[in-house]
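For this one, chain A is given, so just place chain B on it according to the hints.
There are 2 protein chains.
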Amino acid sequence: MTANTIYQHGTLGLLVPGLFEGTITAGELLTHGDTGIGTLDGLNGEVIILDGHAYQAREDGQIREIDATETMPFASVHFEQPDVSVDVKGLSQAEFEQQLLTEYQLENVFAAVRVTGTFKHIKTRVAPKQTRPYQTLVAATTKQPEFEGDNVTGTIIGYYAPHLFQGATVGGYHLHFLSDDHQLGGHLLGFDIDQATVKVQRFADFKVHLPIDNAAYLQEKFDNQAIDTAINKAER
Amino acid sequence: MTANTIYQHGTLGLLVPGLFEGTITAGELLTHGDTGIGTLDGLNGEVIILDGHAYQAREDGQIREIDATETMPFASVHFEQPDVSVDVKGLSQAEFEQQLLTEYQLENVFAAVRVTGTFKHIKTRVAPKQTRPYQTLVAATTKQPEFEGDNVTGTIIGYYAPHLFQGATVGGYHLHFLSDDHQLGGHLLGFDIDQATVKVQRFADFKVHLPIDNAAYLQEKFDNQAIDTAINKAER
Numbered sequence: 001m002t003a004n005t006i007y008q009h010g011t012l013g014l015l016v017p018g019l020f021e022g023t024i025t026a027g028e029l030l031t032h033g034d035t036g037i038g039t040l041d042g043l044n045g046e047v048i049i050l051d052g053h054a055y056q057a058r059e060d061g062q063i064r065e066i067d068a069t070e071t072m073p074f075a076s077v078h079f080e081q082p083d084v085s086v087d088v089k090g091l092s093q094a095e096f097e098q099q100l101l102t103e104y105q106l107e108n109v110f111a112a113v114r115v116t117g118t119f120k121h122i123k124t125r126v127a128p129k130q131t132r133p134y135q136t137l138v139a140a141t142t143k144q145p146e147f148e149g150d151n152v153t154g155t156i157i158g159y160y161a162p163h164l165f166q167g168a169t170v171g172g173y174h175l176h177f178l179s180d181d182h183q184l185g186g187h188l189l190g191f192d193i194d195q196a197t198v199k200v201q202r203f204a205d206f207k208v209h210l211p212i213d214n215a216a217y218l219q220e221k222f223d224n225q226a227i228d229t230a231i232n233k234a235e236r
Numbered sequence: 001m002t003a004n005t006i007y008q009h010g011t012l013g014l015l016v017p018g019l020f021e022g023t024i025t026a027g028e029l030l031t032h033g034d035t036g037i038g039t040l041d042g043l044n045g046e047v048i049i050l051d052g053h054a055y056q057a058r059e060d061g062q063i064r065e066i067d068a069t070e071t072m073p074f075a076s077v078h079f080e081q082p083d084v085s086v087d088v089k090g091l092s093q094a095e096f097e098q099q100l101l102t103e104y105q106l107e108n109v110f111a112a113v114r115v116t117g118t119f120k121h122i123k124t125r126v127a128p129k130q131t132r133p134y135q136t137l138v139a140a141t142t143k144q145p146e147f148e149g150d151n152v153t154g155t156i157i158g159y160y161a162p163h164l165f166q167g168a169t170v171g172g173y174h175l176h177f178l179s180d181d182h183q184l185g186g187h188l189l190g191f192d193i194d195q196a197t198v199k200v201q202r203f204a205d206f207k208v209h210l211p212i213d214n215a216a217y218l219q220e221k222f223d224n225q226a227i228d229t230a231i232n233k234a235e236r
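Chains as they are written, first to last, in UniProt numbering: chain A, 1 to 236; chain B, 1 to 236.
The shape of chain A in the complex, shown without the other chains (with noise of 0.2 Å):
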């Protein structure tokens, strides 16, 4: 595995119909990649990754480090070895989310984004614990703690993906954010940087691993429509 590679553990497809078991450990996940976003088993809140250490934001606003036995159904990591560093002033997401795909000809390339620095809003959310038998991804997230920010200083970390590959991940931005005082985490819905510093790293390789001795996994039927419409539903 080198620097050139995203490895993806899951697919947010499987997420979908409800798929919410913990199919690799965070321990073993971490030996793919030190940076990166996941979800715990039975969606329980959202991971962020940074330097090697994994966080969980959980739907009750508190920010943990997880242990290396917890698992999970979905995440994304590479090991860090940005292309590009940039120092970056008062942008809006949207203006941010554009320069970069135009910049940086995202458009048809996996690439992880990481943000560190002052943001002069933040509004992230935290999906909430499910027990067996579980809904839909959509069900499950209907209603979820938000969480918000004014000033904040942190790291947005994350994918873009090209939309071809929706439904294995995340067409386009995927990104989660981690306050530095751990106040502040989960799913980012918006934000506002006041300044920062941003690095971009592009990716020739996209490695899926996927859960084929989970039976749950191996029977599910599977429906691109349903996945594409609810991925937009539940993960912008």
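Treat the hints with care, as some may be off.
Which copy is meant is left open, because identical chains are indistinguishable; a pair holds if it fits in one copy or across any two.
As a list, the in silico DSSO-like pairs of lysine-lysine whose alpha-carbon atoms are at most 30 Å apart [unchecked claim]: (1) Lys199 with Lys221; (2) Lys129 with Lys221; (3) Lys199 with Lys123; (4) Lys233 with Lys129; (5) Lys233 with Lys221; (6) Lys123 with Lys143; (7) Lys120 with Lys221.
I should point out that these hints are in silico values taken from the structure, not numbers from a laboratory.
Showing chain B alone in chain A's frame:
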């Protein structure tokens, strides 16, 4: 790279708008696997890779070995190490495909399929070489030479992929054929097994390598719906 990974260069999706330029050499491709399928620069025929040798089935019906310096826009390879090897007799294509899906629970799994033996009937088609400016895949494959044979001895090689990955690759079966005497080959349209040995290799890992330094690839505006429709039309 292990026997547990399919390595794919490019996507089926990039062929749809006509990105037929070769972006990996056969020599480099073969470092990622000894068995597989693909197409050559300019959509020039069908590629069959067996035991570390890559062959081209040409539109004129000839089969030739490919040089290490020739390039491909799309190809999938793996190192052959089958999980199972079973002998079968008297199976239609529909029976064979359904039997494999059920017995090895392939529905949501990437798998390589190799069938060596005698076939009551084989029908192939071969994509005709294109010249610039390239047309779309559907336009390029509207008229394709077809080839047929009875009581043919040879090898079917190809993949089953989960339908979630339609676009990145062909969802479902994607099989090519090469006769032992190299007189008949191509993309498999139909077959009827007399007696054969079937080898199945399931993969936990699917690795896609994208041509992220190719200007035409970076600039293309892909359309997922058009890609899905075109694959169902051109690759079945």
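Evaluated hints:
In this assembly of identical chains, the alpha carbons of Lys199 and Lys221 lie at most 30 Å apart only when taken from different copies (25 Å versus 39 Å within one copy). In the homo-oligomer, the alpha carbons of Lys129 and Lys221 lie at most 30 Å apart inside one protomer (24 Å), although the nearest pairing across protomers, at 38 Å, exceeds that limit. For the identical chains of this complex, Lys199 and Lys123 are intra-copy neighbours only, at 21 Å inside a copy versus 52 Å across copies, given an alpha-carbon limit of 30 Å. Taking the shortest alpha-carbon separations for Lys233 and Lys129, only the intra-copy value of 18 Å comes in at or below 30 Å, while the best inter-copy value is 43 Å.
For the homomeric pair Lys233 and Lys221, the shortest alpha-carbon distances inside one copy (20 Å) and between copies (23 Å) are both at most 30 Å. For a Cα distance limit of 30 Å, the shortest separation of Lys123 from Lys143 inside one copy, 15 Å, qualifies, whereas the shortest one across copies, 54 Å, does not. Proximity of Lys120 and Lys221 under a CA criterion of 30 Å is satisfied in neither setting, with 44 Å inside one chain copy and 34 Å between copies.
The structure fails hint 7 only (numbered hints given earlier).
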